[in-house]
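Residue strings, one per chain:
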Amino acid sequence: MSKLDAKATATRTIATTRIENGKPKFVYVIYIAAPIEKVWQALTDPKMTEQYWFGYRLKSDWKVGSHYVSEKDGVPPFDKGIVLECDPPRRLSYTWHPEHRDVLNEPHSRVTFELVPLENQVQLTIIHDEFETGSKVFERISGGWPRVLSSLKSLLETGHGLAPSWNDADKPWLRQAAGRCA
Amino acid sequence: MDEVFKALADASRRELLDSLRAENGQTLGELCSRLAMTRQAVSKHLAILEAANLVATVWRGREKLHYLNPVPIHEIADRWIGKFERSRLDALGDLKKALEARDE
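Residue numbers (the working numbering), protein chains in the order written: chain A, 11 to 192; chain B, 59 to 162.
Mixed in with the good hints, there may be bad ones.
Claimed, not checked - Among the chain B residues that face chain A by a calculated CB cut under 10 Å, a handful are:
{"no.": "1", "residue": "92"}
{"no.": "2", "residue": "94"}
{"no.": "3", "residue": "97"}
{"no.": "4", "residue": "99"}
{"no.": "5", "residue": "114"}
{"no.": "6", "residue": "117"}
{"no.": "7", "residue": "123"}
{"no.": "8", "residue": "129"}
{"no.": "9", "residue": "130"}
{"no.": "10", "residue": "136"}
Stated by the list, open to error - Short derived list, chain B residues pointing at chain A, Cβ under 10 Å:
{"no.": "11", "residue": "72"}
{"no.": "12", "residue": "76"}
{"no.": "13", "residue": "80"}
{"no.": "14", "residue": "87"}
{"no.": "15", "residue": "98"}
{"no.": "16", "residue": "101"}
{"no.": "17", "residue": "102"}
{"no.": "18", "residue": "115"}
{"no.": "19", "residue": "124"}
{"no.": "20", "residue": "126"}
{"no.": "21", "residue": "132"}
{"no.": "22", "residue": "135"}
{"no.": "23", "residue": "138"}
To be verified - Anything over 12 Å on all C-beta distances counts as not near chain B; from chain A, calculated:
{"no.": "24", "residue": "24"}
{"no.": "25", "residue": "34"}
{"no.": "26", "residue": "82"}
{"no.": "27", "residue": "142"}
For the record, the hints were derived by calculation from the structure and aren't laboratory data. C-beta atoms are modelled at their ideal positions from N, C-alpha and C, and glycine is treated no differently.
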């Protein structure tokens, strides 16, 4: 996953990510009207993640092989993992492993962020792959990324992240996050 | 946002999104084999969905994989649905689903 193909459609330029092999489970794309450095900072600075990632601070020195943790006061860490790639401000990849009892034994999956500067905005692509077959984590995160990404876009374009949704009564890990952030 | 509504205002394109929802990451060939549309029609509809950012793509070798990208729909929901209305609407949505599921 490194080279990019840029193609202009009638309405916007789309940069298409290339992957080597495998088939990612999720690919999400969002366009954010902000400088690329700002979008990068939002992904890597705990003071920024706290404002859109429903109160969680994502902490790491962002060196390849280093650990990161996603945490907030009073609740257990949501996610811990290892930095796989860090190429500011273009590309960030880390392992993904929610810290919940029933999924602790699952192998880590991988999430990769690619940032491409376009005319007045940044194309941010999120690729989530390397899930184990029958992964519970996969079932759980379905639908989670669009919410985080919308909140990120809202923060960078308007100065405010979005409130978490309250329809997550059946998802204790999200309810925990929501309770702290509102 | 106009692009999103225009893209969604077509039953064939919604059918394509349904197909990706069922099986994410399909190639053009795979999408064609599941739908009663010509390859040209599928290709044309995909271009419109991609321009509206409702479909995200990655290249794997010479294959283009297509993914359902619900992010713009989420943005629309966030624009018009306030945070306090959401739980009530979810409850109504769940009720509708539960009642209609009996007929399936």
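Those earlier numbered hints the structure runs against, lowest number first: 1, 2, 3, 4, 11, 12, 13, 14, 15, 16, 17, 23, 24, 25
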